[in-house]
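Undergrad: Model the placement of chain P on the given structure of chain S, informed by the hints.
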Amino acid sequence: MDRSALLSVRNCRQAYHKDSSADLVVLDDVNLDLQTGEIVGLLGRSGSGKSTLLRIVAGLLRPTAGDVQWRGAALRGPADGVAMVFQSFALFPWLTVQENVELGLEAQGVPRAEREKRAEAAIDLIGLGGFESAYPKELSGGMRQRVGLARALVVHPDLLLMDEPFSALDVLTAETLRTDLIDLWSERKLPIKSILMVTHNIEEAVLMCDRILVFSSNPGRVASELRVPFAHPRNRLDPAFRKLVDDIYALMTRRTRAPAPTPQAMAADAGFATPMHAVSTNLLAGLIEAVAAPPYDGKADLPALAASLQMEADELLPLGEAVQTLGFGEIAEGDIRLNETGRKFAHADTDTRKDIFAAALRAHVPLARAIRRTLDERWNHRAAAVRFRDELEDHMSPDYAEETLQAVIGWGRYAELFSYDDEADQFTLEDIDGAA
Amino acid sequence: MKLFTTPAGLAGRRLPNVWDAAALLCVVGALVAVARAAQGTLVPLEALDQPQISLDPMNLPNYALRTTLRMFAALAASLLFTFTYAPLAAKSRRAGLIMVPVLDILQSVPILGFLTFTTAFFMGLFPGRVMGLELAAIFAIFTSQAWNMAFSFYQSLTTLPEDLNEAARGFGLTSWQRFWRLEAPFGMPGLVWNTMLSMSAGWFFVVASEAITLGDASWKLPGIGSYVALALEQRDIAAVFWAILAMLLVILGYDQLIFRPLVAWSGKFRFETTAGAEADDPWVLALLRRTHILRLGGEAMERGFGAITGLRLGRPPRGETAEPQRAIAGDAVFAVLVGIGVVWAIWRTYGYVATTLTWSDLAETALLGAFTLLRVVVLMALAALIWVPIGVWLGLRPRWARVVQPVAQFLAAFPANLLFPPFVVVIVHFQLNSDIWLTPLMVLGTQWYILFNVIAGAAAFPGDLREAARNFRVGGLLWWRRVIFPGVFPYFITGAITASGGSWNASIVAEVASWGDTKLAAHGLGAYIAQATDAGNFQRVVLGVVVMSLYVLALNRLVWRPLYAYASRRATLG
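The listed protein sequences derive, respectively, from chains S and P. With the numbering used here as the guide, the letters of the first sequence map in order to residues 5 to 440. With the numbering used here as the guide, the letters of the second sequence map in order to residues 16 to 589.
If we strip away everything but chain S, and leave its shape as in the complex, we get (with noise of 0.2 angstroms):
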């Protein structure tokens, strides 16, 4: 139909399954073709499954539905020609820099004075040499990825795989090396014919993509698909490049309606069913003064607040949507806009704020609406966590159920609505005043 496809995904899903009830859904009719010689991104909030599509794609995992296609042939396992960079970078720490990259050849049984003369080759061209007989511990978080991406071309591999590859890096050297990659592929000296890339940073993708995937959460599905219309190397301050960075946030903090569901399910599951970031009350009550202080007064475009606060879009995004989830705002079309509440809020004492906050939680926050009532009731004011992670297991992955468990206990706390007790695992109101 196409051009050469090297790489094609169709109606991909991944879902795991529970016992106690409906599957949960990491992916979900995921559909993605990759062609020769173009720079792909995945681009999406954590938790949209983006990882898991890379891993699929790496063979490392099986999708519980839907087709691979590697170079014209189904995929069946980690694949001759994919090679992967990790956001950890996961060197051996007992292997020294050329035994790491020399690692995948001697996967692949290429004899030792081959697999030598291509390990020096790599190290050469990613910029590591004089470092062979370092050990990773010795080496600085550039410089270790620096190593993992020898390691990848070293394979000579068609596909390569990043995932979240600089997220790792401080600001600096993950610019530095983002701009090392780009030259090395626009002059054509890597041995590859692709790059398929997962990043939650925006301007990262638009710096370095030719095409980007953005997903939604909950299900993972692909939202949109953008080109990245400029040529290499790309000037960040162009205000082509702003743009498409604004139209990307935007796309990102649109309102994604879900099909409504019934009152009754509503006032029983909602708040259950939705996993929240355990967003540090501190962070937040920084965020709401600074989106209610000049210049913003109450209403703030997120890649410059972004930009002010030197903040990620991944580390912004959760933030603003706990100030939506607890009513203080809203974020819509890549902007974030205070309410009465949320001013209210902002200019208030510590007391006061407790009080406001704590009027939030029981209003919007049916989970801890629900744990003060369980409390309320008990004779003894004590209520075992594990039940309330259970029910919030029913409606999304463990991981995910510790997440807003723990988001709960920070908020509660800080409105002096409950306590939790970590070694017994239970929620109390002791040292809590006016509870009965």
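Any given hint might turn out to be false.
Each computed DSSO-like pair below joins lysine-lysine, with the alpha-carbon atoms no more than 27 angstroms apart [stated by the list, open to error]:
1. S/K121 with S/K193
2. S/K121 with S/K197
3. P/K283 with S/K121
4. P/K106 with P/K235
5. P/K235 with S/K141
6. S/K141 with S/K121
Please keep in mind that the hints were generated in silico from the structure rather than gathered at the bench. Treat the numbers as computed from the prediction; the structure is a model and nothing was measured.
TA: Positioned in the frame of chain S, the structure of chain P alone reads:
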């Protein structure tokens, strides 16, 4: 020094389940089977042509060498066992269900009480030849080493870092390559540490296993253990001291030549990506690393090793499905097989024990077990009172710690049973109460674990916390209660778990002692087992060993593990 988990702490959070019960029954069944087999082979053994042991100190180098060789033969066997049992338990879901609890329980069985059976069993395999005795001694050492090594490796295999696992699979490493590039290196620090702990137990056993008395018959293998046994029979205190000296030199040699370098070398495999403060290489390792010729030799060996371990043997990796397909039929077959094993074990044990033992025997052993338990508890408390303050004092003074730490580790490795005779001589001479004065022998060799762990804990205590305490003028009892004790607590627990386990084992030799014709015995389960062994009463030995295992298991599960979990939870931030 890093805090390593100890055998009893390893299985931490697992709750007891039906598989534990099945494993316990299987282990008991196996013990009974060995005991019966041993009983059957006793008769022809007396014809064995025994080598003569001489108390001439000139023979000691030869004896020491033979003892050491047994030790290393057993170590090789333990490593082989570790590298087969642990991967099997880790990679097969079904096998792991039963193999892991079996290991856990075997760790708690005082195999020392079973020495006579295994000896008889092996001599039955090689009737009339010294080979049987040798193998029995090696097997005895093996049983003291293998379980915690295998457990440590199993633990490593189940906690492989996910990203390295994915990298190994993504680059297509075969199962053989994966084992040598990922699994073995990752498990190495824990394995080396556990091997070191095992070796200490092993020295204890090798000394005990060279001279075996069973009923009227007795056998001696040329070695330091039998030399000491003979010295005791002949009341030759000078010979005892010669043996202690020889053992000191042997352990000093093995400690300096093998274990120091090995522990330092294994630091390379530690899973950390930040360069920490590294201690100086021990002199042997420095010699190996810096001497040109030796280094060339080492590199050649490394090349050969790399070539062999890099061979593309075994299965290439496959894609994982999100949820492993559960083969119901296979599970059922497996459950039935285990069920048959359990029924067989119950039938064997019942048939064996019920013929001669009554409920009152059980009550008696339970009561004696309580005495021994009391001893262990009192000893742990005393050891804590003495060694925690000393350890803290030393650990906070790096110069002292550097000197004392190796000495404490060395003392922990020394087989304490060699030191018993001088104590016994004193007790006999002053006619002291053996119920009280034999007790300290149990902790003679094991108290050092508490000391060196506390030293390590105090040395690792964060400097900023010490400064904060000084800044707020926290002193005296408050400082102990709120600052330093919580800081060293996890380390103390680690040491105490090892010490307590070792003390139970030691009770079998420590609760009875002899000096020539004088026999001392304390009231306790250890003495019960030892006396039943002397009398050749197999049923009682089995009963005693099983009851002691239950005590150890209960103590581990009810006290040490919760304490360990509590300590490690409390001592970490976040």
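Undergrad: It remains to establish, for every hint, whether it holds in the given structure.
TA: Structure-based check of all given hints:
1. S/K121 with S/K193: 17 angstroms, holds
2. S/K121 with S/K197: 22 angstroms, holds
3. P/K283 with S/K121: 26 angstroms, holds
4. P/K106 with P/K235: Status violated; Cα separation ~42 angstroms.
5. P/K235 with S/K141: Since the Cα atoms of P/K235 and S/K141 sit roughly 52 angstroms apart, the hinted pair is violated (cutoff 27 angstroms).
6. S/K141 with S/K121: Since the Cα atoms of S/K141 and S/K121 sit roughly 24 angstroms apart, the hinted pair holds (cutoff 27 angstroms).
Checked against the numbered hints listed earlier, the structure breaks hints 4 and 5; every other hint is satisfied.
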